[in-house]
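Heads up: the protein sequence lines correspond to chains A and B, in order. Going by this note's numbering, the first sequence opens with residue 1, and the numbers climb by one from there. Going by this note's numbering, the second sequence opens with residue 362, and the numbers climb by one from there.
By construction, these hints were calculated from the structure, which means they are not laboratory data. Treat the hints with care, as some may be off.
Claimed, not checked - Lysine-lysine pairs mimicking DSBU-like chemistry, simulated, CA-CA at most 30 Å apart:
(1) Lys-72/A with Lys-306/A
(2) Lys-346/A with Lys-215/A
(3) Lys-72/A with Lys-469/B
(4) Lys-215/A with Lys-275/A
(5) Lys-262/A with Lys-306/A
(6) Lys-215/A with Lys-306/A
(7) Lys-758/B with Lys-215/A
(8) Lys-306/A with Lys-275/A
(9) Lys-761/B with Lys-72/A
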Amino acid sequence: MADINLSRITKCFGDYRALDQVSLDISDGEFVALLGPSGCGKTTLLRLLAGFEEPGEGQISIGGQVVAYPAKGVMVSPEDRNLGIVFQSYALWPHMSVARNVGYPLEVRGMNRADRDRRIAEALDIVALGPYADRSPAELSGGQRQRVALARCLVMEPRAVLLDEPLANLDVHLRETMQQAFLDFHRRTGATMIYVTHDQAEAMAMADRIAVMDKGHIRQMAAPETLYREPADRMVAGFVGAGSVLPITGVQVENGGTCSVKLGDTRIAARVCPKLANSGHINGQAGLCLRPEDVWVEDEAPLRGKVEDCVYLGGRFRLSVRIDDDHTLPVYANRRARVGDPIGLKVADGWVFDRLAGEVA
Amino acid sequence: MQATGRLRGALPGIMTRSTGNRSSGRLLYWLLLPVFVISILPIVRLAFEGVFVGGVPSLDYFRDVLGSGATWQATANSLYTAGLGTIISLVIGGAFAFLVALTDVRAKAALVFCFMIPMMIPPQITALSWVQLTGPSSALLNAFGMAPPMGSPQPLYSAEGIALLLGIQHASIVFLTLRANLRMIPREQIEAARLAGARGGRLWWQIILPLTSPGLIAGTAMAFVTALGNFGIPAMLGIPANYPTLPTLIYQKLAGFGPSVLGEVSVLAMLIGAIAICGVAIHHRLLANRDYRLMGMVGRPLDIRLGARRSLVETILWAVLIAILVVPLMALIATSLVPAFGVKLNLGNFSFGAFYEVLFVQPSTIRAFHNSFLLSVGAAVTLVLVCLPLAYVMVRKPSKLTKLINLLIEVPYALPGVVLAIACILLFIKVPVIEISLYGTLGIIFIAYLARFLVIALRPVMNSFTQLDPALEEAAQACGAGLWRRLRDVLLPLAAPSAAAGALLVFLTAFNELTVSALLWSAGNETLGVLIFNLDDSGDTVLASAVAVLVVLVVIALMSCFQLASRRLPKGVVPWQT
Ligand SMILES: Nc1ncnc2c1ncn2[C@@H]1O[C@H](COP(=O)(O)OP(=O)(O)OP(=O)(O)O)[C@@H](O)[C@H]1O
Ligand SMILES: [Mg+2]
Numbered sequence: 001m002a003d004i005n006l007s008r009i010t011k012c013f014g015d016y017r018a019l020d021q022v023s024l025d026i027s028d029g030e031f032v033a034l035l036g037p038s039g040c041g042k043t044t045l046l047r048l049l050a051g052f053e054e055p056g057e058g059q060i061s062i063g064g065q066v067v068a069y070p071a072k073g074v075m076v077s078p079e080d081r082n083l084g085i086v087f088q089s090y091a092l093w094p095h096m097s098v099a100r101n102v103g104y105p106l107e108v109r110g111m112n113r114a115d116r117d118r119r120i121a122e123a124l125d126i127v128a129l130g131p132y133a134d135r136s137p138a139e140l141s142g143g144q145r146q147r148v149a150l151a152r153c154l155v156m157e158p159r160a161v162l163l164d165e166p167l168a169n170l171d172v173h174l175r176e177t178m179q180q181a182f183l184d185f186h187r188r189t190g191a192t193m194i195y196v197t198h199d200q201a202e203a204m205a206m207a208d209r210i211a212v213m214d215k216g217h218i219r220q221m222a223a224p225e226t227l228y229r230e231p232a233d234r235m236v237a238g239f240v241g242a243g244s245v246l247p248i249t250g251v252q253v254e255n256g257g258t259c260s261v262k263l264g265d266t267r268i269a270a271r272v273c274p275k276l277a278n279s280g281h282i283n284g285q286a287g288l289c290l291r292p293e294d295v296w297v298e299d300e301a302p303l304r305g306k307v308e309d310c311v312y313l314g315g316r317f318r319l320s321v322r323i324d325d326d327h328t329l330p331v332y333a334n335r336r337a338r339v340g341d342p343i344g345l346k347v348a349d350g351w352v353f354d355r356l357a358g359e360v361a
Numbered sequence: 362m363q364a365t366g367r368l369r370g371a372l373p374g375i376m377t378r379s380t381g382n383r384s385s386g387r388l389l390y391w392l393l394l395p396v397f398v399i400s401i402l403p404i405v406r407l408a409f410e411g412v413f414v415g416g417v418p419s420l421d422y423f424r425d426v427l428g429s430g431a432t433w434q435a436t437a438n439s440l441y442t443a444g445l446g447t448i449i450s451l452v453i454g455g456a457f458a459f460l461v462a463l464t465d466v467r468a469k470a471a472l473v474f475c476f477m478i479p480m481m482i483p484p485q486i487t488a489l490s491w492v493q494l495t496g497p498s499s500a501l502l503n504a505f506g507m508a509p510p511m512g513s514p515q516p517l518y519s520a521e522g523i524a525l526l527l528g529i530q531h532a533s534i535v536f537l538t539l540r541a542n543l544r545m546i547p548r549e550q551i552e553a554a555r556l557a558g559a560r561g562g563r564l565w566w567q568i569i570l571p572l573t574s575p576g577l578i579a580g581t582a583m584a585f586v587t588a589l590g591n592f593g594i595p596a597m598l599g600i601p602a603n604y605p606t607l608p609t610l611i612y613q614k615l616a617g618f619g620p621s622v623l624g625e626v627s628v629l630a631m632l633i634g635a636i637a638i639c640g641v642a643i644h645h646r647l648l649a650n651r652d653y654r655l656m657g658m659v660g661r662p663l664d665i666r667l668g669a670r671r672s673l674v675e676t677i678l679w680a681v682l683i684a685i686l687v688v689p690l691m692a693l694i695a696t697s698l699v700p701a702f703g704v705k706l707n708l709g710n711f712s713f714g715a716f717y718e719v720l721f722v723q724p725s726t727i728r729a730f731h732n733s734f735l736l737s738v739g740a741a742v743t744l745v746l747v748c749l750p751l752a753y754v755m756v757r758k759p760s761k762l763t764k765l766i767n768l769l770i771e772v773p774y775a776l777p778g779v780v781l782a783i784a785c786i787l788l789f790i791k792v793p794v795i796e797i798s799l800y801g802t803l804g805i806i807f808i809a810y811l812a813r814f815l816v817i818a819l820r821p822v823m824n825s826f827t828q829l830d831p832a833l834e835e836a837a838q839a840c841g842a843g844l845w846r847r848l849r850d851v852l853l854p855l856a857a858p859s860a861a862a863g864a865l866l867v868f869l870t871a872f873n874e875l876t877v878s879a880l881l882w883s884a885g886n887e888t889l890g891v892l893i894f895n896l897d898d899s900g901d902t903v904l905a906s907a908v909a910v911l912v913v914l915v916v917i918a919l920m921s922c923f924q925l926a927s928r929r930l931p932k933g934v935v936p937w938q939t
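All chains, full assembly: derive it from the sequences and hints.
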């Protein structure tokens with residue numbers, strides 16, 4: 001049982017609000033990624049969960065147990081929370097061997113030697129470091145150190161695992177292997193996982209849900225596909241995926257959550273965010289989020305533009321096409337296009353949302 | 362509804378657990394109490410003498426002392442000699458530290474070993490040997506026929522002479538702190554600078570110096586405070602030259618024994634304390650905005666190639682060592698071998714009579730060795746045990762209280778030993794509550810040593826805690842390890858080298874200590890420092906020199922033992938090891 005609830009958590013460092021009224025509900029066994037630009041408060045949030053920082057306001061509970069509630073003076077210390085954490089720096093103890101590093105949580109829990117050795121061996125096998133058990137951490141490469149830190153966290157079978165950019169220092173292949181190891185571990189144990197990253201591909205590939213953070217706020221918390229298809233605000237739309245957000249006018253709401261939008265000299269069909277559709281000031285604040293895979297080149301199409309940029313991505317090209325002074329569209333194309341060429345575009349889908357939402361908060 | 366029900370269900374368990382944890386944190390705070398009693402209370406007690414005249418609060422002593430020209434003359438002299446001495450220490454110690462830590466000079470271990478010795482020799486012995494070396498009756502110079510003519514002034518009896526010896530005496534302090542710091546610099550940072558094209562002077566001024574500034578600042582502050590409170594050197598050199606400093610002024614006041622002695626001494630002590638606290642506060646201020654935490658692993662040591670200049674540099678280093686160590690030691694040995702003080706030493710007339718006398722005729726020598734050994738080992742062990750948790754509280758749980766204590770514990774170290782001794786006598790002559798007197802026992806010397814050397818043991822441990830990546834401790838915390846367990850399993854092993862280095866310094870400094878025990882000793886409880894001082898004072902300079910030579914030999918023997926054992930000890934325990 002380890003559902004995690006944060007309610008209106010605020011954390012200040014001096015005058016700076018690193019987290020501002022953050023609420024988050026994570027259910028038992030869920031794999032949640034915290035995604036956001038550098039300095040947005042991801043590590044701070046993780047440290048609050050682990051108990052290394054005390055929130056200024058709000059309440060945190062884990063598995064139904066209140067672990068931090070400053071208003072009532074409740075603060076359960078990290079050692080009593082039974083959470084596993086993998087640090088951004090490795091935090092291995094240089095005076096202990098790899099095996100002792102990994103087995104330390106079991107040692108603290110007073111497990112007997114034989115069981116401990118077995119569990120250590122298992123954990124080291126998972127991260128493919130079996131032969132390194134007797135080395136000291138100083139004799140390992142960066143990636144190996146990171147894996148020891150993972151093994152140390154896995155071995156204690158915590159009720160929830162907190163990971164702070166655990167794969168940031170690994171090469172691409174190792175990164176994929178380790179991602180798989182996390183997913184396997186997650187399936188096998190059913191532990192709740194909270195995974196901090198600023199790599200959105202990693203977040204999308206692994207997480208059940210992603211919380212996008214910015215400047216101490218959670219901007220949106222949703223399944224990866226929802227996040228991608230229906231971003232709640234401009235920051236999320238711009239941060240997730242290679243899309244673009246265009247200011248638009250002339251939105252006509254239709255039934256069933258769709259609308260038609262004026263783009264250049266034509267109109268296209270798009271989905272619309274219900275909140276915006278019902279708000280009444282749809283034409284002042286609407287933004288259109290287009291994903292490149294929803295736009296393609298069609299020579300005869302009525303929507304016309306000029307190629308501004310062309311990048312080869314391996315297998316296809318990404319063009320950026322200007323249709324008027326303040327609108328540039330991302331497009332995937334099969335053929336190379338010359339910069340400056342006129343081109344016709346067909347837009348199959350788009351997402352209209354409140355582009356001013358969250359800006360003032 | 363459901364949420365509040367859950368909350369209520371969960372709360373009792375949490376409350377007990379979190380209080381359990383907090384109380385072990387609070388337990389740490391109780392440590393501050395003995396620290397307060399032993400190292401701060403005596404000073405406070407002494408301060409009372411300064412602000413009460415005949416039991417009535419009064420500022421008379423302040424008016425008298427601060428109104429007197431002699432006070433300000435002595436203050437100026439103290440600042441001048443301590444300041445100039447610190448600069449000399451900085452130049453000598455800094456140059457040695459940089460060259461030994463960063464370049465490829467040979468025989469580093471031997472260089473460092475020899476460089477540590479001057480610090481281990483009591484200041485008054487240093488002064489004695491230098492005076493014997495340079496004066497008209499110099500046994501060594503006379504043996505070569507190079508002594509200045511009789512009646513010519515002793516050149517060391519001057520402000521600059523005092524500063525020179527202070528500088529030499531404390532160069533090893535700068536050296537030690539700086540080298541500890543240099544060892545922490547990741548090799549990559551200097552290599553990156555060299556790849557960026559920095560070479561020669563630019564590399565030194567723009568990269569290495571700023572990176573080592575914490576060590577430089579800390580070493581400078583420590584050398585200054587130590588020089589300020591030094592009594593042995595200004596006493597031996599300044600009193601004959603009629604050049605008073607604050608410590609010698611205090612000594613002269615005490616020797617005068619009037620009714621107002623204690624009050625005036627108390628005010629003078631406060632003056633020294635204030636200057637020392639200013640120095641330390643500036644040091645903390647300067648360090649405050651430099652967070653040089655060691656993240657991850659320490660780099661390998663660096664070996665900048667000196668190329669063709671290596672031999673020259675090595676020659677200079679050894680020449681300096683010979684000048685500051687070997688020559689004065691030779692002078693001391695020469696004096697201990699002459700048949701009578703002032704007699705010209707030559708190959709025909711040297712005698713070991715003085716050594717025979719002190720070792721086999723006078724029982725006090727062996728007793729003094731025994732007492733000093735007991736006191737210094739006891740102080741070193743006690744202080745290390747106290748300093749580990751204490752440094753943890755100061756570094757990881759800082760509060761206004763710990764910051765204040767952090768400044769105040771510097772005072773017993775900065776005050777001249779005599780003043781600390783008086784403060785201890787005042788407080789412990791009749792211990793409040795339990796009504797026993799510690800005066801006349803080894804116990805009072807022991808307590809005074811604890812107060813005086815606390816800083817020496819504490820600073821290295823605090824430094825190593827500041828430089829530890831906090832995630833190392835947090836990782837243990839997440840593994841379920843409680844406070845004491847973390848201290849034992851993670852923090853203690855990681856801080857052990859610096860704690861051991863601190864203990865070693867305490868031991869070696871306490872072994873030779875004179876000024877504190879000079880007032881606190883009693884028959885049967887004399888220390889080595891007292892023994893030497895008393896012999897010299899009663900005109901037995903040759904015997905005093907013989908004991909001093911024995912002390913130096915024992916210190917060198919002890920250092921060699923540590924050197925030999927260093928391979929078995931964790932890295933960094935032996936302070937002079939590379
Ligand atoms: N101990 C602290 N004191 C003061 N400010 C802090 C402290 N810790 C974090 N901050 C500030 O809080 C903000 C959030 O920091 P945090 O470490 O949570 O960022 P992050 O999202 O983890 O970034 P990154 O992806 O770069 O690791 C930053 O602006 C940081 O400067
Ligand atoms: Mg971070």
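Now for the hints, and whether the structure bears them out:
{"no.": "1", "hint": "Lys-72/A with Lys-306/A", "verdict": "violated, 62 Å"}
{"no.": "2", "hint": "Lys-346/A with Lys-215/A", "verdict": "violated, 36 Å"}
{"no.": "3", "hint": "Lys-72/A with Lys-469/B", "verdict": "violated, 60 Å"}
{"no.": "4", "hint": "Lys-215/A with Lys-275/A", "verdict": "holds, 23 Å"}
{"no.": "5", "hint": "Lys-262/A with Lys-306/A", "verdict": "holds, 18 Å"}
{"no.": "6", "hint": "Lys-215/A with Lys-306/A", "verdict": "violated, 36 Å"}
{"no.": "7", "hint": "Lys-758/B with Lys-215/A", "verdict": "holds, 28 Å"}
{"no.": "8", "hint": "Lys-306/A with Lys-275/A", "verdict": "violated, 34 Å"}
{"no.": "9", "hint": "Lys-761/B with Lys-72/A", "verdict": "holds, 25 Å"}
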